[in-house]
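Since the structure of chain D is provided, determine the placement of chain F on it from the hints.
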Amino acid sequence: MTAILRRNAPFWISIACGIALWEIAGRSTSAAFMVPFSATMLRLWQLIVSDQFVEQFFDSARLFLTGFVIALIVGAPLGLLLARVRPLRVGIEPYIMTLYATPMVALIPFILSLMGFGFAPKVLVVFLFAVFPVLYNTVEGARSIKPELIEVAKSYRSSEWALWRDVMLPYTLPYTMTGVRQSIGRALVGMVAAEFFLSSTGLGQLIMGASQNFDTGGVFASIFVIGVIGVLLMRLGLMIEQHFARWRQ
Amino acid sequence: MSQQTIGLTATAAKPASKPASGDLVPRLICGIVILALWEGVVRMFAPAYVAKPTTVAMVIPKVIVDPQFLSATGYTLVAVAEGLAIALVVGIVIGLLMGRSPAIERVIRHYVNGFYALPMIVVLPLFSLWFGYTSGARLATIVFAAVFSIIMNVADGARAVPKEYLEVAASFRSTRARMLAEIVLPAATPYLLAGFRLAAGRALIGAVVAEFFLSVGGLGYFILFNSRTYHHNEAFVGVLLLAAFGVGFELLVVWATRRFMPWYRRDEK
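Sequence lines, in order, name chains D and F.
Read in order, the letters of the first sequence correspond to residues 1 to 249 in this note's numbering.
Read in order, the letters of the second sequence correspond to residues 250 to 518 in this note's numbering.
Okay, chain D solo, but in the shape it has when bound (with noise of 0.2 angstroms):
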């Protein structure tokens, strides 16, 4: 237990010195600039016993979930349907590569004039942000699959069943959940990103409406709970990314 608490008191140490800095520059600037920490804790609870909170939390909930699941279902896949089929592949990855780099938030505002404001269109957002990543990383992993490993596969007459479940998904798998794991990343981006300029809801309104009542209190509890919604995703990511990694060492 002091083992424990020893190993783990740097941490602890470091985050309450963040918390007094953060409480102090709150105290020595404007309200409307900055607010202290327990100013901020407090806005938080009360927009939590007001109901609003959860409300708006299970709604980004599912936007979030709705657009990295699809962006899972097509990608992964379609990633390694590429990696078997060549010709495919050469073609379209130069296409890939392009969309992977381009700042997929420019398209949001064809998104908005096309398909309005519905929860679809914020679907799609979300599924832009977080596809291609994992297409990306998929293919990248099935390339890199070793000749031998097919032609032995092969050469004992292996069904195509067989070379995809044995050699292929396993071989891949880990490359795919790096991508899954940048994806949780993007995905929460895209999500906010429709939240912002597609229909108002969840999380993103409540963080616009508050800086829009110039309620900085719930500006900084809003930024506050979606930084811990990050790195929490984030840890999950890297722990789903270790676990398949664990036999590629």
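Hints are supplied without guarantee of correctness; some may be wrong.
Stated by the list, open to error - Which residues of chain F face chain D? A few of them, derived with a C-beta cut under 10 angstroms, are: (1) I278; (2) R349; (3) A352; (4) L375.
Since the hints were made in silico from the structure, they are not lab data.
The beta carbon of each residue, even a glycine, is placed where N, CA and C say it ideally should be.
Same frame as chain D, but now just chain F:
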């Protein structure tokens, strides 16, 4: 037989990632198919103002000499360059300190990780409160978007410096500041470039989002304004240019890594 060719081209293509001449045909075919699909779908199902390849191609000559478009591109590029320059300086200094001093690392590591995981867009409302709806808020967003990936990568690079280098320098009575500048920094450069590649992409996104949100003049605002007034074709030229910048940054870093650090393999990300 076909498996063998997969293996050969995969290894051959990896370090260069240049198209072999045999790859050009499938690439062109795929490109044409994608464009044709796009054209067909839009013609059949979408209203006339929606961007499609033929109409976009038609407006390109007009848009790229449009002074409004050119100045918008200039604003965005200058802002991104400024933001990246600030982020580089700040990121290198903090990253080096963090990588070489366990005490500093322990204090700020969680904050760097936390801010890196924070979707950069959420700070926009806050920055608009702090800086107003100005280009200053855009610059701040770009710096915020870019700096943490540079810090993290430089710190990783500084940590990975071989101990012998530093021991030799120390035994020749080098000062710590000189060791940082002349040994640790050069040794961490490949990491720095990897971080810069991430940072450049994020900075571009930050600039566009900030322009959407703050209505500050620039390429993002050009796209927003034109798509709102149903000039989708003109707006799409802006998207194409952004994509070109994204790819351009990417290629620049790959080229720089190969040109200046030929010993460094970029496979390991």
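Taking the hints in turn, this is what the structure says about them:
1. I278: Hint on I278 (chain F): holds, closest Cβ of chain D at ~6 angstroms, below 10 angstroms.
2. R349: Since chain D brings no Cβ nearer than about 17 angstroms to R349 (chain F), farther than 10 angstroms, the hint is violated.
3. A352: With Cβ-Cβ at 9 angstroms, under 10 angstroms, it holds.
4. L375: holds, 5 angstroms
Hint compliance for this structure: hint 2 is the single one not met.
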